[in-house]
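J.: So the chains spell out like this:
Number of protein chains: 2
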Amino acid sequence: MAVPESVSIAVSTVIFALRSDGDDAGASLRVPLVRRIREPFKGKWALPGGPIGSRESLVEAARRSLLETTRLTPTYLEQLYAFGEADRAPGDRVVSIVYWALVRPDEAERAAEGENVRWFTEEELPTLAFDHNRIVAYALRRLRTKMEYSRIAHAFLGSTFTLAELRQVHEAVLQKQLDPANFRRQIEGSHTVVPTGDVRAGGRNRPPRLYRYDTAALRESDPTTSP
Amino acid sequence: MAVPESVSIAVSTVIFALRSDGDDAGASLRVPLVRRIREPFKGKWALPGGPIGSRESLVEAARRSLLETTRLTPTYLEQLYAFGEADRAPGDRVVSIVYWALVRPDEAERAAEGENVRWFTEEELPTLAFDHNRIVAYALRRLRTKMEYSRIAHAFLGSTFTLAELRQVHEAVLQKQLDPANFRRQIEGSHTVVPTGDVRAGGRNRPPRLYRYDTAALRESDPTTSP
Numbered sequence: 000m001a002v003p004e005s006v007s008i009a010v011s012t013v014i015f016a017l018r019s020d021g022d023d024a025g026a027s028l029r030v031p032l033v034r035r036i037r038e039p040f041k042g043k044w045a046l047p048g049g050p051i052g053s054r055e056s057l058v059e060a061a062r063r064s065l066l067e068t069t070r071l072t073p074t075y076l077e078q079l080y081a082f083g084e085a086d087r088a089p090g091d092r093v094v095s096i097v098y099w100a101l102v103r104p105d106e107a108e109r110a111a112e113g114e115n116v117r118w119f120t121e122e123e124l125p126t127l128a129f130d131h132n133r134i135v136a137y138a139l140r141r142l143r144t145k146m147e148y149s150r151i152a153h154a155f156l157g158s159t160f161t162l163a164e165l166r167q168v169h170e171a172v173l174q175k176q177l178d179p180a181n182f183r184r185q186i187e188g189s190h191t192v193v194p195t196g197d198v199r200a201g202g203r204n205r206p207p208r209l210y211r212y213d214t215a216a217l218r219e220s221d222p223t224t225s226p
Numbered sequence: 000m001a002v003p004e005s006v007s008i009a010v011s012t013v014i015f016a017l018r019s020d021g022d023d024a025g026a027s028l029r030v031p032l033v034r035r036i037r038e039p040f041k042g043k044w045a046l047p048g049g050p051i052g053s054r055e056s057l058v059e060a061a062r063r064s065l066l067e068t069t070r071l072t073p074t075y076l077e078q079l080y081a082f083g084e085a086d087r088a089p090g091d092r093v094v095s096i097v098y099w100a101l102v103r104p105d106e107a108e109r110a111a112e113g114e115n116v117r118w119f120t121e122e123e124l125p126t127l128a129f130d131h132n133r134i135v136a137y138a139l140r141r142l143r144t145k146m147e148y149s150r151i152a153h154a155f156l157g158s159t160f161t162l163a164e165l166r167q168v169h170e171a172v173l174q175k176q177l178d179p180a181n182f183r184r185q186i187e188g189s190h191t192v193v194p195t196g197d198v199r200a201g202g203r204n205r206p207p208r209l210y211r212y213d214t215a216a217l218r219e220s221d222p223t224t225s226p
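So the protein lines, in turn, are chains A and W.
Residue numbering for the first sequence follows numbering that gives the first Met the number 0, starting at 0 and increasing by one per position.
Residue numbering for the second sequence follows numbering that gives the first Met the number 0, starting at 0 and increasing by one per position.
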């Protein structure tokens, strides 16, 4: 194997979306992956991404490669980390700037799916190309940490939501059942959401109340905010 | 100007250290910069850094370039952000992976200083090479945000410290005077530090108590933790 003479750069994105598991079965956190159609790792699943164009910024490259491979145009798209171990691509030296996207259900519905794009749960993940298993594991850890101290659950929901919907996001990301009464107390105690005064329309006797995030209490605590 | 045909990659580091302003004058947050000895921006001050070697990881490149330019070997060295706007380097396409280092006083004392390395306070910063003013401003914002919700002040202190020393870190970073009694109440209420049982030796009648961070209460809340 030749010693690489230059370092090339690519952009990849870890996409997280909540997708329904079917009627009444709840929702799971899923990651769409793209099947590689050339070497190295031909036929393996990988994060969507690719090289950056000479006139593109990093985030523009991430957005374009997402659109081309998955047809997704996520609202929440932030830089996660740059991976640059010397041996992460066979015979080549590639630094990957990794973005992560959190996708609402209505955004996820527009996504491509087919032979070469598939949505995996964490448990279903196969051995991916390059170091992409490690990258997905890191993104999951960051997502779970962030769920505890910031309002990132918001990115998976519309502008208004019921407490049951908010709890479902937490359950899917943290992969554990939460007690509804405890969850309600905890959220109400955090003063991060406020009732809108409306209820979720439907055929039930007691339609659930709708909430929104309290932007008045929003603190600038998100450390992955772009410069 | 030719259209760039390839994208090159560099590593730069923003170093923050608390340095004494002289006898009894307190301490200021300072950033060491390196004078450029070649074009572009020859003669301008810039963040220490350079290209990455073909066998180095990103953090190894950051560590080596810091040692070569400033003789610093900081304990706290984390990836901050990748900057990759298309027009950030004249006539060239360079993506910079930016690290940040927080340096304790004993580490800072070993640093180089001379004609081509100088320590600047925020107010003294001149117009820097490339987009380095923007990078320093972003790093300062992240540092101040992080000071509020994590134990990052620790990185500027030894393993034990007085409450006055901890307050001095907060004052230097946030650039405002803090009321000693309020600060004490706030820190004691946060349960993040515990008394060691020892006092700071000295000639005073009431030598101040020493504290350390309570590692038992340490939560994994640092989102810039490396993978």
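Any given hint could turn out to be false.
Each pair may be met inside one copy or between any two copies, as identical chains are not told apart.
Here are the computed lysine to aspartate or glutamate pairs in the DMTMM-like style, where the Cα-Cα straight-line distance is at most 25 Å [to be verified]:
hint, residue 1, residue 2
1, Lys41, Glu67
2, Lys145, Glu77
3, Lys175, Glu55
4, Lys43, Asp213
5, Lys175, Glu112
These are calculated hints, taken from the structure and not from any lab test.
J.: Taking 25 Å as the upper bound on the Cα-Cα distance, should Lys175 and Glu55 be classified as within, between, both, or neither?
T.: neither (40 Å within a copy, 40 Å between copies)
J.: When no copy is specified for Lys41 and Glu67, does a C-alpha distance of 25 Å or less occur within a copy, between copies, both, or neither?
T.: within (19 Å within a copy, 41 Å between copies)
J.: Can you tell me if Lys145 and Glu77 fall within 25 Å by alpha carbon in one copy, between copies, both or neither?
T.: both (13 Å within a copy, 18 Å between copies)
J.: Could you figure out if Lys43 and Asp213 sit no more than 25 Å apart (CA to CA) within one copy, between two copies, both or neither?
T.: So Lys43 and Asp213 fail the 25 Å test inside a copy (43 Å) and across (45 Å) alike.
J.: Quick one: Lys175 to Glu112, C-alpha cut-off 25 Å, is that within a copy, between copies, both, or neither?
T.: Neither: 28 Å inside a chain and 54 Å across chains, both beyond 25 Å.
Hints 3, 4, 5 from the earlier list are contradicted by this structure; the remaining hints agree with it.
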